[in-house]
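Peer 1: Sequence:
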Amino acid sequence: MNQSKIAIRYARAVFQTSVEAGVVEKVKDDFGVLDHFLRTEEVFRYLLSSPLVSSHQKNTIFINSFSEHFSTVTIEFMKLLSRNRREQHLEAVIRNFNELYKKYKGLMVVEIQSVTPVSDAIRKKITDVLHERFQKQVQFQEFINPELIGGFIMQVEDFRYDTSVSSQLKNMKDKLTSKTNE
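In terms of our numbering, the sequence shown opens at residue 118 and continues consecutively.
Derived by calculation from the structure, the hints in this document are not laboratory data.
A couple of the hints might just be wrong.
Straight-line distance between alpha carbons at most 20 Å, and here's what the computed SDA-like set of lysine to any residue pairs gives [claimed, not checked]:
1) Lys253 <-> Ile239
2) Lys122 <-> Val255
3) Lys122 <-> Ala209
4) Lys196 <-> Gly149
5) Lys143 <-> Thr189
6) Lys175 <-> Asp152
7) Lys241 <-> Lys253
8) Lys287 <-> Ile266
9) Lys222 <-> His248
10) Lys253 <-> Tyr221
11) Lys222 <-> Lys287
12) Lys222 <-> Ile192
13) Lys196 <-> Ser171
14) Lys241 <-> Glu216
15) Lys220 <-> Arg156
16) Lys196 <-> Lys222
17) Lys220 <-> Val255
18) Lys253 <-> Lys287
19) Lys220 <-> Ser121
20) Lys220 <-> Lys287
21) Lys145 <-> Lys241
22) Lys287 <-> Glu259
23) Lys143 <-> Lys219
24) Lys143 <-> Ile192
25) Lys175 <-> Arg156
26) Lys241 <-> Tyr218
27) Lys145 <-> Ile239
28) Lys145 <-> Glu193
29) Lys220 <-> Phe276
Kindly generate the complete structure, drawing on both the sequences and the hints.
Peer 2: Pasting the structure below:
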């Protein structure tokens, strides 16, 4: 079966279970912790992906490490993932779960890259425009990127708006080099 289909099915199952149990916020937070570990802890990634570590050992390590902090739904989900030998799909499951969560909550995530932090006035203007147009709650993810030189890059779902100086310089360079090659 296609890896993305597997991840989507598991994400839907754990999302539905967490909604029914009334712990969707807790599971989202748990998945945030797991996602952080996947991105920052090489040992954790190795543990999940290694065929040399048995499902029983993985469950024992996971339960000993997280059972006091994670919801029962998250713990049972991780046991299921391990029992079915689908641990390598965890990152994609988390990504799909987060997409389902955003739809469930009516959230629109706006990613902004800029050289300096975005001012409250600009953040409010963007929020007002997007909320009026899409009737969704707006959530910001901001990243500082000095390579942009100036301006910003805004990503909203499939729409990308790039006013960065570095992109403008690249576009000018491309135009100049294409004209000299003609």
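Peer 1: Are the hints correct? Go through all of them and say.
Peer 2: Do the hints match the structure? See the list:
1. Proposed proximity of Lys253 and Ile239 is supported: the alpha carbons are some 18 Å apart, at most 20 Å.
2. This hinted pair does not check out: Lys122 and Val255 have alpha carbons roughly 28 Å apart, beyond 20 Å.
3. Proximity of Lys122 to Ala209 is assessed by CA-CA distance (about 10 Å); at most 20 Å being required, the pair is judged to hold.
4. Using a Cα cut-off of 20 Å, the hinted pair Lys196 and Gly149 holds, with the two alpha carbons roughly 18 Å apart.
5. With a CA separation close to 10 Å, the supplied pair Lys143 and Thr189 stays within the 20 Å bound.
6. At most 20 Å may separate the alpha-carbon atoms for a hinted pair to count; Lys175 and Asp152 meet this at roughly 17 Å.
7. Between Lys241 and Lys253 the CA atoms are separated by roughly 14 Å; this keeps the pair inside 20 Å, and the hint holds.
8. This hinted pair checks out: Lys287 and Ile266 have alpha carbons roughly 12 Å apart, not beyond 20 Å.
9. At roughly 14 Å between alpha-carbon atoms, Lys222 and His248 fall within 20 Å of each other, so this suggested pair holds.
10. A C-alpha spacing of about 11 Å is found between Lys253 and Tyr221, which places the hinted pair at or below 20 Å, so the restraint holds.
11. Between Lys222 and Lys287 the CA atoms are separated by roughly 38 Å; this puts the pair beyond 20 Å, and the hint is violated.
12. For the hint pairing Lys222 with Ile192, the CA-to-CA distance comes to about 23 Å; that exceeds 20 Å, so the pair is violated.
13. Using a Cα cut-off of 20 Å, the hinted pair Lys196 and Ser171 holds, with the two alpha carbons roughly 12 Å apart.
14. Annotation: proposed proximity of Lys241 to Glu216 is violated, straight-line Cα distance about 24 Å (limit 20 Å).
15. Of the pairs offered as hints, the one joining Lys220 and Arg156 is violated, with about 24 Å between alpha carbons and a cut-off of 20 Å exceeded.
16. Taken as a hint, the Lys196 and Lys222 pair is broken in the structure, with Cα atoms around 27 Å apart against an allowance of 20 Å.
17. For the suggested pair Lys220 and Val255, the alpha carbons sit about 12 Å apart, so the restraint of at most 20 Å is met.
18. The hinted pair formed by Lys253 and Lys287 fails the criterion: a straight-line CA distance of about 34 Å is larger than 20 Å.
19. A C-alpha spacing of about 19 Å is found between Lys220 and Ser121, which places the hinted pair at or below 20 Å, so the restraint holds.
20. Distance check on the hinted pair: Lys220 and Lys287 sit about 36 Å apart at the alpha-carbon level, beyond 20 Å; violated.
21. Straight-line distance between C-alpha atoms of Lys145 and Lys241 comes to about 26 Å, which puts the hinted pair past the 20 Å bound.
22. Taking the CA atoms of Lys287 and Glu259, the gap is about 23 Å. The hint is violated against a cut of 20 Å.
23. Straight-line distance between C-alpha atoms of Lys143 and Lys219 comes to about 14 Å, which keeps the hinted pair within the 20 Å bound.
24. The suggested pairing of Lys143 with Ile192 holds, with an alpha-carbon distance near 12 Å, which does not exceed 20 Å.
25. Between Lys175 and Arg156, the direct Cα distance comes to roughly 18 Å. Compliance with the 20 Å bound is thereby established for this hinted pair.
26. Pair hint Lys241 plus Tyr218 does not hold up; C-alpha atoms about 23 Å apart against a cutoff of 20 Å.
27. Our distance criterion of 20 Å between C-alpha atoms is broken by Lys145 and Ile239, whose separation comes to about 28 Å.
28. A distance of roughly 15 Å separates the Cα atoms of Lys145 and Glu193; the hinted pair therefore holds under the 20 Å criterion.
29. For the given pair, Lys220 sits about 17 Å from Phe276 by alpha-carbon distance, which is consistent with the 20 Å threshold.
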